[in-house]
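Chemist: Just need the whole structure built from these sequences, with the hints factored in.
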Amino acid sequence: MLSRVADSLYWMSRSIERAEHTTRLLDVNLNLMLDESATNADRCWQRMLQALGNPEATKWTGDAYAMTESLTFDTENKASILSCIISARENSRHVREQISTEQWTRLNQLYLQVTRPDMRANLQDGAIMADSGQPTEFLQQVMEAVHQFQGVSDSTMSHGEGWQFIQIGRYIERASATALLLEAYHEDLWLHTDRIPEGNEYLEWMGLLRSATAFEAYCKVYTADITPDRILEFLLLDEEFPHSVRFSIDALQDAFESIHGDGNESRTEPLRRLVGRLQASLNYSSVDEILNGDVVAYLRSIQFQCRSIHNMIYQIYIDYSIQAALAG
Amino acid sequence: MQPAQTKQFDHATLKNYLLDDAYDEMFAGPDELHPHYKPLFDRFSSLPIDELQRRKHSAELSFLNQGITFTVYGRDDGGKEHIFPYDLVPRIITAAEWATVERGLTQRVTALNMFLRDIYNEGRILKDGIVPREMVYSCKHFRRQMVGLQVPRNVYVAICGTDLIRMENGEFVVLEDNLRVPSGVSYMLANRRVMKRIFPQLFQSYNVRPIEQYTQLLLGTLRSLAPEGRPEPNIVLLSPGVFNSAYFEHAYLARQMGIELVEGRDLVTHDNIIYMRTTSGLRRVDVIYRRVDDDFIDPMAFRGDSILGVSGLFNAYRAGNVTLANAFGTGVADDKALYAYVPSIIKYYLSEEPVLQNVKTYILTEPKARQHVLQNLDKLVIKAVGESGGYGMLIGPHSSAAQREEFAHKIQADPRNYIAQPTISFSRAPCLIGDELEPRHVDLRPYILYGDKVAIVPGGLTRVALKRGSLVVNSSQGGGSKDTWVLSQ
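Chains as they are written, first to last, in this note's numbering: chain A, 1 to 328; chain B, 329 to 817.
The set of hints was computed from the structure by calculation and includes no laboratory data.
In this text, all values refer to a predicted model and were calculated from it rather than measured experimentally.
Just so it is clear, CB atoms sit at the ideal spot from N, CA and C, and this is done for glycine as well.
Partial pick of chain B residues on the chain A-facing surface, computed with a CB cut under 7 Å:
1. Val570
2. Ala579
3. Thr607
4. Gly609
5. Leu610
Derived DEER-like restraints, expressed as beta-carbon distance ranges:
6. Gln140(A) / Lys795(B): 47 to 53 Å
7. Asn31(A) / His598(B): 52 to 58 Å
8. Lys738(B) / Ser158(A): 52 to 58 Å
9. Arg583(B) / Asn40(A): 54 to 60 Å
10. Gln381(B) / Gln140(A): 40 to 46 Å
11. Leu392(B) / Lys220(A): 43 to 49 Å
12. Glu556(B) / His147(A): 51 to 57 Å
13. Asn311(A) / Leu392(B): 40 to 46 Å
14. Gly648(B) / Gln50(A): 55 to 61 Å
15. Glu450(B) / Ser100(A): 50 to 56 Å
Modeler: Structure follows, in structure tokens:
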């Protein structure tokens with residue numbers, strides 16, 4: 001497959017995953033805000049910004065709706081929902097022939113919906129917004145559209161190399177976003193492990209799980225008895241939950257194996273080593289070990305390894321030097 | 329001749345079918361059908377109008393679903409896809425008519441390739457004074473980089489689309505040759521596919537010669553041009569990318585041939601060899617079916633501001649490591665002024681009379697011709713020599729005094745850049761316009777392939793000037809198309 005095509009599919013998928021993540025965090029925090037006191041709200045929104053990597057163009061000014069608008073529609077902000085959807089659609093347009101009509105149509109409809117001028121106007125009027133539930137409705141629509149897109153991607157496109165690059169984009173984004181999300185919550189959850197939850201804290205812990213669509217899945221495993229160590233265990237190490245870091249890295253590994261086949265081993269060796277090491281660490285760590293050590297360092301290391309994997313993907317599949325390729 | 333209504337065919341759909349002195353593809357006269365149109369006419373007459381509309385709608389839907397669409401950029405409709413206007417009534421060409429056309433096109437493409445080889449090498453035809461030297465060297469599509477270069481099988485033009493029109497007397501003549509990157513063949517294929525679906529019985533009853541083998545023939549042509557020592561050539565289609573209006577055709581042809589659709593940024597040059605960048609490493613490229621113009625194909629050899637091309641491609645080509653179809657510099661032979669010399673070119677190289685005639689063309693660098701043309705601008709068609717797509721044209725009888733004034737100035741300022749031709753009322757064919765059949769002007773663009781042999785699929789793209797009375801068939805100017813049936817007997 002052409003490197004350019006792989007590149008576009010990868011970014012199409014990463015961008016759409018990122019759009020969904022931002023959307024969900026906004027939705028969860030707008031919802032939490034209804035129950036929070038003002039001081040707590042400051043903390044809550046700053047934490048959310050941290051979980052999104054502290055985008056430069058967006059600052060917390062005390063107005064939740066202004067921030068929602070910025071994170072939704074501000075194209076200066078590369079992490080905004082609109083920026084991500086535009087980028088996903090632009091990438092998909094360049095590989096229109098490689099994806100299915102259903103994928104294209106779904107993504108294009110989403111794009112047309114979010115770029116409609118009245119969409120932004122509705123959200124800009126904070127007063128109306130606060131009362132009408134409009135942002136939540138809008139955010140729900142975006143999440144649904146993204147889920148549909150991912151669904152048709154899985155069910156209408158051949159699971160060949162192109163689809164595997166879509167998987168890679170989705171799961172590398174998810175793994176690093178989840179690690180970053182956990183890092184943002186570190187101070188509140190794992191810094192003092194002996195804390196007894198109060199009413200608000202329980203809400204926040206639920207909020208964290210919801211931010212990773214994990215609340216129901218968590219309850220199925222641990223019941224509604226929510227504790228910080230179990231949250232960490234679930235979101236980091238659960239083998240079966242699709243938003244856990246471990247699940248994401250396993251999926252990444254599967255995709256790479258499918259692409260490599262039994263082909264040129266030496267070329268892909270560095271990549272297999274990187275992914276294998278991260279996978280082993282997640283498969284064979286226990287949550288107690290992690291909590292006894294430096295949690296933040298562990299979470300940062302995951303993000304660092306994801307970036308290294310990304311760079312290695314470029315080095316091997318997409319932006320390799322001609323000399324190296326000819327020598328190999 | 330006074331417009332006469334087709335009185336005899338008292339059918340609701342023919343109320344506005346007025347004949348004039350243009351040749352009519354269906355009617356031989358007011359009371360008379362061309363015999364080969366009889367079954368078609370009977371079939372269309374037997375169908376109620378809403379049934380015709382239903383089939384038309386079904387055809388359009390089919391184009392949309394197959395993705396045979398184009399996107400108009402700059403229009404604020406969110407990248408909405410449009411289909412090219414498609415007319416339901418096929419255009420029929422008899423076996424005898426086609427035999428002549430085929431012979432004529434084969435002769436023409438052969439001679440034009442010999443001409444290109446000659447002017448880029450010995451230049452015999454220039455020495456012998458058949459074609460004026462300055463006519464060739466002043467052409468903006470002449471590429472001096474090509475001088476002395478050997479191209480595989482001496483094939484310069486591998487893919488050619490020649491525009492034919494039918495004169496008042498029913499004879500096909502050549503209006504222009506497209507020797508650079510002719511487009512539209514995907515419509516030819518798509519029109520046929522849709523036609524077979526919506527009029528299966530009528531189609532079957534006619535014994536129409538197939539055209540579906542085109543992509544296979546194209547692939548064979550490209551393969552036959554591979555550099556020596558490359559028995560399993562890697563053939564790619566080079567497209568300017570998604571923003572090009574013909575992008576869907578590029579994608580369609582690549583898919584039908586099973587070859588990779590690449591853009592300039594997918595290709596790299598190393599040691600005069602072209603590679604494409606794939607996820608499993610670099611892969612050598614042997615033949616490039618390029619749909620990018622000369623100017624944009626190699627920023628090092630041609631336009632430095634092009635981002636569509638591949639740096640070093642021309643050197644790789646010179647070194648014989650990659651074949652381009654078509655070659656560089658073929659545009660010199662479809663220059664509209666040089667066109668006037670094609671009959672002499674055919675006689676010179678093949679010692680044969682041209683089978684297909686040209687339209688009379690005034691070369692405006694000749695003072696006498698220029699004088700005549702300037703005095704008769706209201707009767708003539710003026711064309712800029714390097715333009716295509718129906719741009720840069722003056723159609724005298726439909727023009728305003730101001731427009732004629734403007735062209736008179738242009739001609740005097742740069743006579744080499746313009747030619748003049750008589751206004752030809754080329755043939756008209758029945759089209760479904762609203763609820764009625766009405767005649768519209770049509771041309772015919774057959775696609776000629778030239779590799780180890782000449783191959784022409786019977787038919788081509790019939791383009792229709794959908795505006796009443798209009799003589800401009802280009803899709804960029806409100807043209808549509810219809811299926812073209814060449815009968816096997």
